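> So in my numbering, spot 22 of the sequence shown is number 40, and the numbers just go up one at a time.
Treat the hints as calculated values from the structure; they're not laboratory data. The model shown is predicted, which means the values in this text are computed figures rather than measured ones. Heads up, some of the hints might be wrong.
Across the chosen pairs, the derived CB separations fall in these ranges [said to hold, decoys possible]:
1. Asp-81 to Asp-102: 46 to 52 Å
2. Ile-101 to His-74: 22 to 28 Å
3. Asp-102 to Ile-43: 57 to 63 Å
4. Leu-57 to Pro-89: 42 to 48 Å
5. Leu-36 to Ala-79: 52 to 58 Å
6. Arg-67 to Arg-33: 53 to 59 Å
7. Leu-35 to Arg-59: 27 to 33 Å
8. Ser-97 to Arg-73: 25 to 31 Å
9. Ser-97 to Asp-63: 37 to 43 Å
10. Cys-42 to Phe-76: 47 to 53 Å
11. Asp-99 to Asp-64: 37 to 43 Å
12. Leu-35 to Pro-95: 55 to 61 Å
13. Tyr-60 to Asp-99: 36 to 42 Å
A virtual CB, placed ideally from N, CA and C, is assigned to each residue, including glycine.
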Amino acid sequence: MMLWQYQWHRTPPDRPLLVLLWCCIAGWVSLSVSEVQGLRRYTQDDMLRLRERVRHMFQHAYDGYLRHGAPYDELRPLSCDGIDT
19 MMLWQYQWHR TPPDRPLLVL LWCCIAGWVS LSVSEVQGLR RYTQDDMLRL RERVRHMFQH
79 AYDGYLRHGA PYDELRPLSC DGIDT
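Using the sequences plus the hints, can you model the full thing?
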């Protein structure tokens, strides 16, 4: 009988210990890497820069709507025409 075939269906005596160790390590990692560490702190300059960037993107989208689809409810970007919904 080969060594790897010997009692392959039985649980080795050290497997519960390994499972417990793995669970402890996984729990420790999940607690140490919390969601709070993923948050970024923004300075006042960052906030102003991002606000202007959003304002610029909105103005670009609104100008495109006024230019290509103003009397309609929606603008179809591929055909550059409007449609009422």
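> Taking each numbered hint in turn, which are not upheld by the structure, reported in ascending numerical order?
Of the numbered hints given earlier, those the structure breaks are 1 and 7, listed in rising order.
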